[in-house]
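All chains should be built: construct the whole structure from the sequences, respecting the hints.
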Amino acid sequence: MDKQLVTGSEALIRSLLKEGVDTIFGYPGGAIMPVYDCLYDHKHELNHVLVRHEQGAAHAAQGYARVSGKVGVCIVTSGPGATNTITGIGDAMLDSTPMVVIAGQVGAALLGTDAFQEIDLVSLTQPITKWSYQIRHADDIPWAVARAFYIARSGRPGPVVLDFAKNAQLAKVEYEPQTINFIRSYQPYLDIDEEAVCAAAQLINFAKKPLALVGQGVELGDAQKELLEFLEKADIPAGKTLLGLSALPTAHPLNKGMLGMHGNLGPNVKTNECDVLIAIGMRFDDRVTGDLHTYAKQAKVIHFDIDPAEINKNVKTTVAVVGNCKETLAAVTAHLKENKHTEWIESFKESEETEYNSVIQGELNPVEGPITMGEVVNRISVATNHEAVLVTDVGQNQMMAARYFQFTKNRSIVTSGGLGTMGFGLPASIGASFGAPDRTICLFCGDGGIQMNIQELGTIMESGATVKIILLNNSYLGMVRQWQELFFHERYSSTPMKNPDYMKIASAYGIKSRAVHLREELGEAIQEMLNAEGSFLLEVGVIEKGMVYPMTPAGATVTNMLLGY
Amino acid sequence: MNKKLYTINVYSENVAGVLNQVTTIFTRRQLNIETLSVSASSIQGIHKYTITVYTDAATIEKVTKQIEKRIDVMQAHYYTDDQIIFQEVALYKVPAVSLLGSNKVEKLVRKHNARILEVNQTYAVIELTGHPDDTQALYDELMPMGLWQFVRSGRIAITKSPVERLSNFLALIESRKGKNGAE
Ligand SMILES: Cc1ncc(C[n+]2csc(CCOP(=O)(O)OP(=O)(O)O)c2C)c(N)n1
Chain A
891 MDKQLVTGSE
901 ALIRSLLKEG
911 VDTIFGYPGG
921 AIMPVYDCLY
931 DHKHELNHVL
941 VRHEQGAAHA
951 AQGYARVSGK
961 VGVCIVTSGP
971 GATNTITGIG
981 DAMLDSTPMV
991 VIAGQVGAAL
1001 LGTDAFQEID
1011 LVSLTQPITK
1021 WSYQIRHADD
1031 IPWAVARAFY
1041 IARSGRPGPV
1051 VLDFAKNAQL
1061 AKVEYEPQTI
1071 NFIRSYQPYL
1081 DIDEEAVCAA
1091 AQLINFAKKP
1101 LALVGQGVEL
1111 GDAQKELLEF
1121 LEKADIPAGK
1131 TLLGLSALPT
1141 AHPLNKGMLG
1151 MHGNLGPNVK
1161 TNECDVLIAI
1171 GMRFDDRVTG
1181 DLHTYAKQAK
1191 VIHFDIDPAE
1201 INKNVKTTVA
1211 VVGNCKETLA
1221 AVTAHLKENK
1231 HTEWIESFKE
1241 SEETEYNSVI
1251 QGELNPVEGP
1261 ITMGEVVNRI
1271 SVATNHEAVL
1281 VTDVGQNQMM
1291 AARYFQFTKN
1301 RSIVTSGGLG
1311 TMGFGLPASI
1321 GASFGAPDRT
1331 ICLFCGDGGI
1341 QMNIQELGTI
1351 MESGATVKII
1361 LLNNSYLGMV
1371 RQWQELFFHE
1381 RYSSTPMKNP
1391 DYMKIASAYG
1401 IKSRAVHLRE
1411 ELGEAIQEML
1421 NAEGSFLLEV
1431 GVIEKGMVYP
1441 MTPAGATVTN
1451 MLLGY
Chain B
15 MNKKLYTINV
25 YSENVAGVLN
35 QVTTIFTRRQ
45 LNIETLSVSA
55 SSIQGIHKYT
65 ITVYTDAATI
75 EKVTKQIEKR
85 IDVMQAHYYT
95 DDQIIFQEVA
105 LYKVPAVSLL
115 GSNKVEKLVR
125 KHNARILEVN
135 QTYAVIELTG
145 HPDDTQALYD
155 ELMPMGLWQF
165 VRSGRIAITK
175 SPVERLSNFL
185 ALIESRKGKN
195 GAE
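These protein sequence lines are chains A and B, in that order. Residues 891 to 1455 in our numbering are what the first sequence spells out, letter by letter. Residues 15 to 197 in our numbering are what the second sequence spells out, letter by letter.
Hints are not guaranteed to be accurate.
Claimed, not checked - Which residues of chain B face chain A? A partial, calculated answer using Cβ under 10 Å:
(1) Glu27
(2) Ile39
(3) Ile60
(4) Ala72
(5) Gln80
(6) Glu82
(7) Asp86
(8) Leu184
(9) Arg190
(10) Lys191
FYI, nobody ran anything at the bench for these hints, they're computed from the structure. Predicted, not measured: the structure shown is a model, and the values here were computed from it. Glycine is no exception: its CB is placed at the ideal position from the N, C-alpha and C atoms.
Listed below in structure tokens is the structure:
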């Protein structure tokens, strides 16, 4: 085949196209201008979404990746452009989101001289990426891009940074496409260990009270079908992590709800009663385990994970099944006996009733007083036939959405779990709308979080992204206020917040909107939002001092959940 | 927690920035690296690190896995002192007069099995290879005679096990390469 002489920027674009990239989120600047110049020529095949802040680019790429299962891509300039993406990179690292960030860099001759907009991005991002690499020569480009995508999407996915020196963008290179699916120092996942598989199956076959903990690893491994077969064959009830919520349909009889600090009572209480605890693609985050010294001490623990470094990191396992859970789950299922754990599963009912009576009933069906967050979430979930993609920001809105939104489809939750990044929701929802253009995208956010990246309304205006934004306005930084109420003697230090007129803001950006304060209007307003073409901002004035219950205080035992006042 | 000295061996690709990635893993966990020695190994393109650190068994296991997780790191293993043979090198500079005036220094050199690397009219340089206790003992004896400079290297170590883990790993990797198509 004839080799063609092209610029480094052109080589980059061709390499991206070769990786199947169709959408890029980004923001131009001096050190990345040659790439932007090239993008101009490739408009027809590469959709560039101009964000309003590079943090937005990173979160949008995350949202895109999470719903589509593809690698999210953003392109930014050097220096401040690059540093603005760091929150998103860290967020993607903690939540195992495949992402490639391409940042401009000063010319190689200027490196190390504190040149204009020079920042040592590789050093800055090494601890929060799977791989971070500086491209100094144009010849490197096809190799570096192929390697970046291979690393980002294989094994346990994660973010990769390519720091792209300007001279390499301009230099001419013979472009030759490259494919990488092997790196000798990197094993995306290990081969199945038959012994571990048999040991796990043995433990499960003899378990009287098994409990599964389902995490995002199931969706990342595309193993929802394998999960169902596993759970159904051995009749195992399952709790889900925040990021694993859509890995198992909410209505499935074996679904016992969400784990963790604001999760459901049942799976939390039962964690300390089960005899075999089966963690699947989850990493025992402290928001799930609470106090490790009292966590599931009675249980034998089986841990399915793709990342060997997760084994025994927080919870000591009895059997570790390392590998891609699509394969390992199937392998273990093959050794499982058909089983029934009727009595054990029935025993969840007590907690479910307690939680329903003391928390859920009041939250979802209040008869008077201000609107609650829970009822808004529930009504929107119902109105979308539980088929929408849920995107959340961080705070009470996030926990309420996670608790009361229902899931019927895979890859339906986009939220910042590990880093808990306020300002994540709005840009992530824009990204999600590009990653799943045929689905309804519902963003729940607080009045604090929306303002952290509110400029991305401009991206909606320009790109025509369709996002149904539900702003749950309680005039407080609600989640912090909740902690102040419970643990700081109601000293509301810097949490009451004066809000702007969101209707005016929406209208300034050409986005349809409506504000609701009365319960009677809520249903109709939701319909108006869902029927509207394009994006819509629905501001709901909710109870100012609402609380998310149940709650396990930080570091407390998972069974000691607070149920309310 | 039961702390003791662990030795970690790391094999990595010879690319810029790996050392940084390895050391930050210790920093994050507030672990102080006692010694660190890095150089090319006998295998083309592969660098070998020997790191020592005081910590407990649970932590060393986690740290080693996190090191191994870095893309450019091939393998990382940890050992206790009874599983390895290890050495450090120390260099001592003493004023020439302390050699000329008496045979004390010469006796010390013999006693400790050290070597004189260089002597001139101003100073002599002595080298000793051994465990930290050995190099420290000579240090303690030379000190009263006037010691101008002293330096000790990080530990290097080799396992007592007959199995060469890296070779096995490389063989496995090569076989995979066949399966997946080449890089
Ligand atoms: C970037 C960032 N800054 C601060 C926090 C700490 N924080 C967590 S929740 C929260 C309050 C969120 O308030 P709001 O967005 O109004 O949502 P609500 O809790 O009221 O639903 C804050 C400040 C955070 N998670 N992220």
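Quick rundown of the hints versus the structure:
no., hint, verdict
1, Glu27, "holds, 5 Å"
2, Ile39, "holds, 8 Å"
3, Ile60, "holds, 9 Å"
4, Ala72, "holds, 8 Å"
5, Gln80, "holds, 5 Å"
6, Glu82, "holds, 7 Å"
7, Asp86, "holds, 5 Å"
8, Leu184, "holds, 8 Å"
9, Arg190, "holds, 7 Å"
10, Lys191, "holds, 5 Å"
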